[in-house]
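Participant: Below, each chain spelled out in residue letters.
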Amino acid sequence: MIPGETAVISGFTDDQISVKLLEMGFLPGTAVRFNFTAPFGDPVCVSVSGYDLSLRVDEASTISILN
Amino acid sequence: MFNQLTGLNQKIGNFPGVTVDKRTGFCQLDDSTTAEIIDLPGTYSLYPRTLDEKVVAEVFTDQKGVFYPDKVVLVADATNLKNCLLLLTQLIDLRLPTVLALNMVDLAAKSGQSIDIKSLEKQLDLPVVMLNARNGTGIEKLKNVLSEPLKASSKTIYKFDEESKSVVDAIKNKYNLNSDYEAYQFLQQAENLMFLSKAERESIREFAKQNNFFVHKYQGAETIMRYGFIQDLLNKVILRSSNEGWKKISYGIDKVLTHKVWGYVIFFLILFLIFQSIFAWAQIPMDFIDTTFAQLSHKLDAIFPEGPFFELVSHGIVPGIGGIVIFIPQIAILFAFISVLEETGYMSRVVFLMDKIMRKFGLNGKSVVPLMSGWACAIPAIMATRTIENWKDRLITIFVTPLMSCSARLPVYTILVALIIPDYKVLGFFNYQGLVLMGLYLLGFLAAIFSAFAMKFLIKVKERSYLIMELPTYKMPKWSNVGFQIIEKTKAFVFEAGKTILAISIILYILASYGPIDVMNAAKETVRTEAAGQNLSEKEISDKVAAYKLENSYAGRLGKTLEPIIKPLGYDWKIGIALVTSFAAREVFVGTIATIYSIGSTDDTATIKQRLKSEVDPETGLPRYSLAAGLSLLVFYTFAMQCMSTLAVVKRETKGWKWPLLQLGYMTALAYFSAFAVYQFLK
Chain A
3 MIPGETAVIS GFTDDQISVK LLEMGFLPGT AVRFNFTAPF GDPVCVSVSG YDLSLRVDEA
63 STISILN
Chain B
49 MFNQLTGLNQ KIGNFPGVTV DKRTGFCQLD DSTTAEIIDL PGTYSLYPRT LDEKVVAEVF
109 TDQKGVFYPD KVVLVADATN LKNCLLLLTQ LIDLRLPTVL ALNMVDLAAK SGQSIDIKSL
169 EKQLDLPVVM LNARNGTGIE KLKNVLSEPL KASSKTIYKF DEESKSVVDA IKNKYNLNSD
229 YEAYQFLQQA ENLMFLSKAE RESIREFAKQ NNFFVHKYQG AETIMRYGFI QDLLNKVILR
289 SSNEGWKKIS YGIDKVLTHK VWGYVIFFLI LFLIFQSIFA WAQIPMDFID TTFAQLSHKL
349 DAIFPEGPFF ELVSHGIVPG IGGIVIFIPQ IAILFAFISV LEETGYMSRV VFLMDKIMRK
409 FGLNGKSVVP LMSGWACAIP AIMATRTIEN WKDRLITIFV TPLMSCSARL PVYTILVALI
469 IPDYKVLGFF NYQGLVLMGL YLLGFLAAIF SAFAMKFLIK VKERSYLIME LPTYKMPKWS
529 NVGFQIIEKT KAFVFEAGKT ILAISIILYI LASYGPIDVM NAAKETVRTE AAGQNLSEKE
589 ISDKVAAYKL ENSYAGRLGK TLEPIIKPLG YDWKIGIALV TSFAAREVFV GTIATIYSIG
649 STDDTATIKQ RLKSEVDPET GLPRYSLAAG LSLLVFYTFA MQCMSTLAVV KRETKGWKWP
709 LLQLGYMTAL AYFSAFAVYQ FLK
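Line by line, the protein sequences are chains A and B.
According to the working numbering, the first sequence holds residues 3 to 69 in order.
According to the working numbering, the second sequence holds residues 49 to 731 in order.
In short, the hints are calculated from the structure, not lab data.
Some hints here could point you the wrong way.
[What the hints assert, rightly or not] Now the in silico label distances, taken between C-beta atoms and shown as ranges: (1) B:Ser-214 - A:Thr-8: 42 to 50 Å; (2) B:His-264 - A:Thr-32: 14 to 22 Å; (3) B:Ser-162 - A:Glu-7: 24 to 32 Å.
[As the list claims (entries may be wrong)] List time: in silico DSS-like cross-link candidates among lysine-lysine, alpha-carbon distance up to 30 Å: (4) B:Lys-523 - B:Lys-508; (5) B:Lys-572 - A:Lys-22; (6) A:Lys-22 - B:Lys-191; (7) B:Lys-308 - B:Lys-508.
[To be verified] Covered by chain B, per the in silico footprint, the following chain A stretches (three or more residues, Cβ under 8 Å): (8) 24 to 35; (9) 45 to 58.
This one's a predicted model, so the numbers in the text were calculated from it and none came from an experiment.
Positions of the beta carbon are idealized from the N, C-alpha and C atoms, including for glycine.
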């Protein structure tokens, strides 16, 4: 994804992290927007269900998106 | 919010076994009812990611526990209702009588969201109160609701499937629990619930395994079901208009503050401001405290009759208390800054900016502020590590922070640098002495970073490090929260770490003032006999007596015993004594050196320097403070854990003597071997 892009979440690839992500509002079927990255490309800032979160890239990469 | 309910009537303690602050207070609900209120750490759900959140899970699932609440007030941020409701649905399933307090309703309205409170109450079957914790509106209403009897909501949000139902029922009956969901929590996270005995936790885990109860599968399904409920609920109760203007401002600020150049420039300017203020501004109140306690000591001397007990009070206990109080200005200033950074929402951006770099060294984005504060003083810095949620990251930060050259090392550095490094200039403006001084700071910093890097591999913690963190919108800090934070941290230091500091300083005082009685009693005579015929003034003689007494005290004897060990570093027993006494605090080195060379009690650096310069090594006939010995001593002070106050704070923050002792051992070994290498190499 590139900064500014929005996508729909389809699922997760890591069980342990997925639980935490679900709690924070990353639900399959909701839209997630990739806002911007920190200066060294990690972590990233995303918006989901109406607020902003920061995730490490390896955490964000466990989220699968549609197409 | 908590402050609004309880006012100043609160106390701070720790939850048993963990370093999570527990704040409790009392609140007058109506004329006849007073409630004890416990402030729990904020969390999104019962499944903990951090130590703080673990406490919440335990409190709510331990029916027999002392903290098990009669009623729960869930304070939810109305601008982010969706995520706050997750925990609420879990509390409902636990059958806990709960009041939902909606905070920041005004901000939500500004963003175009209004909430239909009546409908929300009906859907959830529990009372909802609108609040503004910043100015206190709604607090009275909340007190009224709390003084009435409150029933648990009749709703059940998470319904178990056939398979899990029987497993859950078995646990529910076995432990006599009052809700299915509580039993389900036992199955989900027995390992986090410390009120269960080890055997119970094992047996629950075994039981779950036998019955194919897969923790992650159910947790995922549960969260999805809950959010399904919440989404339906919100569709019914939220009246929306689209105006996201207030968010745009926050985005605008983020563009600058997380910019790849300006972000760091601004961050380092802020750090510099913090550093500067702990270093320079705190000096004024600290000097004041220092002189006040010194005068108090003198005054007491004048009032008290002679005797060992009174001397202990005026020279042991009073300076000991002074040694605690003197840290208050630095602690207060650092926490003023930190709480402003947290309140405004900037702290999460700091983590965002620094996380990648710090993670390479086993640290965390939040380690930056404690580490840099360590340049001023390790004590407030170590207390500041509480902002780091991950235990391993926090521990590593605590462990390496004392390696940063704190301001107490500066007097030692300046006197030794001035003594052994010639006052030359390089390239016209670089002063040799300045360069060496900077090198020492750099050396401490590198040692801290590399130790952290090594520890990253040594410490094994099951807890995985996450950085799933909310980036809140920017807002003005609430100043009374800042004030509370300062008072809370200062109290914690004075009353908890203070005890240890006082005890050690009294022990050190006794070691440095007492020795075998006959030798000490004869001190005056011995010195007078030796000095006979030398035509010394009274002042010189009393200086010599002081030196003689210190030399023959227990601390002095310890210093002498140490001589063979420290000889390879280029030190003699006089330096050994200074090492022993300066264990209390590094700056004591200067005072001890002054006494032992019988210069009398002076802080005048020039005098001490003159005296040290003329000191000769009796074996070689060369100056005692050669370049090699001097540098070796400097390196020793850079690395050594010569500060009992830091040890006391580490003990408080890690809940035991294991880490402070490891730290003491590690730093002393590092100091010893580095100093050894320097001396042997340059000799």
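Participant: If I claimed the Cβ atoms of B:Ser-162 and A:Glu-7 lie 24 to 32 Å apart, would that claim hold in this structure?
Facilitator: 31 Å, holds
Participant: Three or more residues of the region 24 to 35 of chain A near chain B by CB distance under 8 Å?
Facilitator: Three-residue rule met by the region 24 to 35 of chain A, so holds; n is 6.
Participant: Counting residues of the region 45 to 58 of chain A whose CB is closer than 8 Å to a CB in chain B, do you get three or more?
Facilitator: Holds: 10 residues of the region 45 to 58 of chain A have a Cβ under 8 Å from chain B.
Participant: Holds or violated: 42 to 50 Å for the Cβ distance of B:Ser-214 and A:Thr-8?
Facilitator: At 43 Å between Cβs, range holds.
Participant: Does the alpha-carbon distance linking B:Lys-572 and A:Lys-22 stay inside the 30 Å limit?
Facilitator: 73 Å, violated
Participant: Keeping to a limit of 30 Å between CA atoms, is the pair of B:Lys-523 and B:Lys-508 held or broken?
Facilitator: Between B:Lys-523 and B:Lys-508 the Cα gap is close to 38 Å, so the pair fails against 30 Å, i.e. violated.
Participant: Run the distance test for B:Lys-308 versus B:Lys-508: straight-line Cα separation, threshold 30 Å.
Facilitator: 33 Å, violated
Participant: The hint says 14 to 22 Å between B:His-264 and A:Thr-32; measuring C-beta to C-beta, is that right?
Facilitator: 20 Å, holds
Participant: Measure nothing beyond the straight line between the CA atoms of A:Lys-22 and B:Lys-191; if it is 30 Å or shorter, mark the hint as holding.
Facilitator: Since the Cα atoms of A:Lys-22 and B:Lys-191 sit roughly 34 Å apart, the hinted pair is violated (cutoff 30 Å).
This entry does not satisfy hints 4, 5, 6 and 7, going by the numbered hints stated previously.
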